[in-house]
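For the record, the sequence lines run as chains U and W.
In case it helps, my numbering puts the first sequence at residues 26 to 196.
In case it helps, my numbering puts the second sequence at residues 145 to 701.
Any given hint could be a false lead.
[Said to hold, decoys possible] Calculated lysine-lysine pairs in the DSS-like style (CA-CA distance at most 27 Å, straight line):
id	chain 1	residue 1	chain 2	residue 2
1	W	Lys-467	U	Lys-87
2	W	Lys-654	U	Lys-103
3	W	Lys-277	W	Lys-328
4	W	Lys-349	U	Lys-87
5	W	Lys-343	W	Lys-366
6	U	Lys-103	W	Lys-432
7	U	Lys-87	W	Lys-441
8	W	Lys-339	U	Lys-87
9	W	Lys-321	U	Lys-91
10	U	Lys-91	W	Lys-328
11	U	Lys-91	W	Lys-467
12	W	Lys-287	U	Lys-87
13	W	Lys-366	W	Lys-349
14	W	Lys-328	U	Lys-87
15	W	Lys-277	U	Lys-91
16	U	Lys-91	W	Lys-349
17	U	Lys-91	W	Lys-454
18	W	Lys-432	U	Lys-87
[Unchecked claim] Counterexamples of contact, computed for chain U against chain W with all Cβ distances above 12 Å:
id	residue
19	Gln-28
20	Leu-33
21	Glu-35
22	Lys-105
23	Leu-163
24	Arg-174
If you're looking for bench data, these hints aren't it; they were derived computationally from the structure.
The structure displayed is predicted, hence computed values, not measured ones.
Glycine is no exception: its CB is placed at the ideal position from the N, C-alpha and C atoms.
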Amino acid sequence: MRQTISVLVENHPGVLARISGLFSARGFNIDSLAVGETEDPSVSRMTIVAEGDERTLEQIKKQLNKLIDVITITDLTKTKFIDRELILIKVGVRAQNDRTKIIEIAETMKANVADLGLHTITIEAVGETSHIDDLIELLRQFGIKEIVRTGKIAMETESKEKPKTIKEEEE
Amino acid sequence: MTTKMNGARILVESLKKENVGAIFGYPGGQALPLFDALYHSDLKFYLVRHEQAAAHAADGYTRATGETGVCIATSGPGATNLVTGIATAYMDSIPIVAITGQVKTFMIGNDAFQEADMIGITRPITKHNYLVKDVKDLARTVKEAFHIASTGRPGPVLIDLPSDVQLAETEFHYPEKVNIRGYKPTYCGHPGQIKRAVKMVSESKRPVIYAGGGVILSGAAKELKEFAEKINSPVTMTLLGLGSFPGNHELSLGMLGMHGTGYANHAVQNCDLLIAIGARFDDRVTGKIDEFAPHAKVIHIDIDPSAISKSVAVDIPIVGDVKCVLGEFLKIVHRPHDKEWTEKILEWKQKHPLNYKMDDNLRPQYVIQQICEATKGEAIIATDVGQHQMWTAQWYNFMRPRELLSSGGLGTMGYGFPAGIGAKVGKPGTEVFVISGDGSIQMNIQELATAVVNKIDVKIAILNNSYLGMVRQWQELFYGKRYSHTKLENPDFVKIAEAYGAVGMRISKKEEVRPAIEKAMRTKNTVVMDFIVEPEENVYPMVPAGKRLDDMIGSMA
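Whole structure, please, built from the sequences with the hints as guidance.
Have a look at this one:
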């Protein structure tokens with residue numbers, strides 16, 4: 026099972042180490058982790074995608090919640106949410122018409138050309154993970170030189186029901 | 145009206161605000177300003193002979209008194225020497241505050257002399273830790289540290305204090321309140337869950353209460369006794385839970401688990417309801433986890449949500465402080481008194497008591513029984529780790545909380561003596577015995593100096609079998625008696641005691657045991673009793689690792 030958890034943490038040094046240390050010490054696997062400041066500069070948001078059975082994921086949430094620097098945890102998998110990932114893909118240009126083909130695929134997939142070189146083209150794309158994965162598959166035939174992905178960031182969408190945070194669930 | 149003072153002084157003033165009764169520590173280069181501030185203060189400071197002992201002493205002080213203990217060390221090696229003690233406290237949820245000197249802020253990360261990344265090193269073994277880079281944050285940090293250590297599921301907190309911050313000046317304001325947005329422990333259990341649990345209790349035919357260290361940490365021994373009596377349920381305890389329920393009570397089953405009593409383990413395996421209170425289903429308790437309490441529904445009361453359903457799936461989890469939750473139970477709980485179960489257990493207790501060979505040889509169990517009788521079971525007992533620890537759990541009848549100090553989770557050899565020192569400092573009017581082995585005692589034997597110099601008269605009973613007994617027992621039972629590096633050639637403990645200015649005694653006959661203990665109790669000094677006991681005595685009963693709890697060697701089948 027794969028789960029997306031959104032964690033609000035104190036924005037000060039060492040917090041990321043606490044989170045990643047917890048994952049490694051307890052043998053949990055992180056698929057991706059993205060961190061950034063929020064609208065409140067004293068708070069950072071981490072979007073963590075983790076893999077495990079239900080009991081492991083429950084433990085992950087409980088253990089995260091025990092960290093003093095963790096303010097709230099929202100299990101997005103239990104809510105409606107949108108997620109996005111940014112990717113940079115560097116593709117090789119071997120034949121003359123590769124260039125047009127690559128640009129065509131990029132346009133169709135709503136991706137942009139970020140850098141145009143003599144031997145490579147770098148495509149940038151933003152989207153859901155499945156969309157990004159599709160793009161990678163389409164570009165694979167040209168020879169992928171390098172991929173950089175940010176990991177998923179996610180946000181709850183507006184809905185009438187407010188999802189409970191872990192701390193509220195316990196109360 | 146506030147005056148400016150330096151960080152070292154602010155720390156000392158903050159410790160005073162927290163009513164710190166004793167500090168255990170060891171000075172060093174990066175802690176010089178701090179020790180200078182201590183020089184001018186009336187805080188009680190005890191100089192240990194190794195920093196590890198400072199952490200254990202702070203821990204022992206805490207376990208005996210319930211007040212948060214404090215230890216101080218310098219940066220680098222001083223700080224890393226605290227690590228074992230901090231990890232010991234962490235595993236057993238003991239609140240201590242450890243303060244370490246650190247190299248100057250601008251030197252951090254430069255591999256400076258005596259620099260160690262204490263925040264990184266202690267991150268997984270503290271409840272929280274702080275590196276204070278600005279003196280303005282110091283008072284608030286101390287306030288938060290004590291708050292975090294002692295509330296919720298307690299645990300150690302470390303404050304790393306660079307020497308330039310110790311010297312930097314600011315105005316001293318000690319905050320009245322703490323507000324940490326990410327830290328709001330739950331104290332009262334969910335009323336709906338409590339109601340469901342009460343119903344389950346009333347319907348059970350064969351309940352067993354399984355009480356852990358959380359009962360003692362929460363100060364809920366009184367509530368536990370009332371609860372057990374009200375629902376007429378037998379009570380078994382973990383090592384750290386011993387004393388949470390009187391050992392001589394007819395409902396007491398003593399300790400459960402690997403070296404628990406046969407009747408406790410059988411009661412757990414046959415119960416239809418297991419009420420776990422402030423306990424965490426440790427592997428030394430459960431044996432083979434899939435077959436632990438196979439017929440039982442499980443109610444689990446614990447202040448730490450992550451302790452619930454970690455290793456055993458429970459039917460009714462209740463997150464909350466044990467004292468508060470049991471208080472709620474007592475208001476509404478009722479169970480028809482059904483004698484069948486308690487009578488069956490009583491029969492087990494009578495038919496299969498703990499036993500050892502009664503002969504003229506000096507056996508370790510006998511020594512512990514005699515200590516128990518001589519102290520009327522009212523002493524504080526600190527143990528090390530190994531066979532003597534399990535014998536103490538079995539043969540000393542703990543009646544009250546905070547009277548057994550033992551490293552349960554981490555299993556730290558070398559814990560007992562410094563913990564006993566800490567306990568005696570915190571409870572000077574109470575007799576403190578350290579029950580140790582010839583292996584364990586040598587892991588912190590240098591603390592004889594601390595005890596003698598400060599007139600901390602703890603009584604040390606070494607159950608000397610010239611082996612690392614517990615490991616030897618496993619080698620005997622599971623490794624074909626190949627005693628690989630477990631035979632000890634020991635120094636003369638009597639002479640060591642005397643060299644430090646303590647009193648040494650050697651006891652090798654059964655009839656000498658009681659007079660020696662009584663003499664030690666009359667002696668106003670640290671006493672080392674070297675009991676030369678049966679060398680290859682084993683701890684029984686025993687559940688071999690990975691076996692079912694009622695699959696025991698040396699007890700009821």
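_Holds or violated: Lys-287(W) and Lys-87(U), Cα atoms, limit 27 Å._
Holds: Lys-287(W) and Lys-87(U) sit about 25 Å apart, inside 27 Å.
*Mind checking the alpha carbons of Lys-321(W) and Lys-91(U) for me, to see if they're no more than 27 Å apart?*
holds (21 Å)
_No chain W beta carbon within 12 Å of Gln-28(U)'s_ = Holds, since 17 Å exceeds 12 Å.
*asked:* Can you confirm whether the C-alpha distance between Lys-339(W) and Lys-87(U) stays at or below 27 Å?
replied: OK: Lys-339(W) and Lys-87(U) at ~24 Å, within 27 Å.
*Check on Lys-105(U) being off the interface with chain W, judged by Cβ distance over 12 Å*: holds (26 Å)
*Are the Cα atoms of Lys-349(W) and Lys-87(U) separated by 27 Å or less?*
violated (33 Å)
*Straight-line alpha-carbon gap Lys-87(U) to Lys-441(W), limit 27 Å*: holds (23 Å)
_Holds or violated: Lys-467(W) and Lys-87(U), Cα atoms, limit 27 Å._
Holds. Lys-467(W) to Lys-87(U) sits at ~22 Å (cutoff 27 Å).
*Is the hinted pair Lys-366(W) and Lys-349(W) satisfied, with a Cα-Cα distance of at most 27 Å?*
holds (24 Å)
*Is it true that the CA of Lys-91(U) sits at most 27 Å from the CA of Lys-328(W)?*
holds (10 Å)
*Would the pair Lys-654(W) and Lys-103(U) pass a check requiring their Cα atoms to be no farther apart than 27 Å?*
violated (67 Å)
*Lys-277(W) and Lys-328(W): Cα distance at most 27 Å?*
holds (25 Å)
In terms of the numbered hints stated before, the structure departs from hints 2, 4, 6, 16, 20 and 21, listed from lowest to highest.
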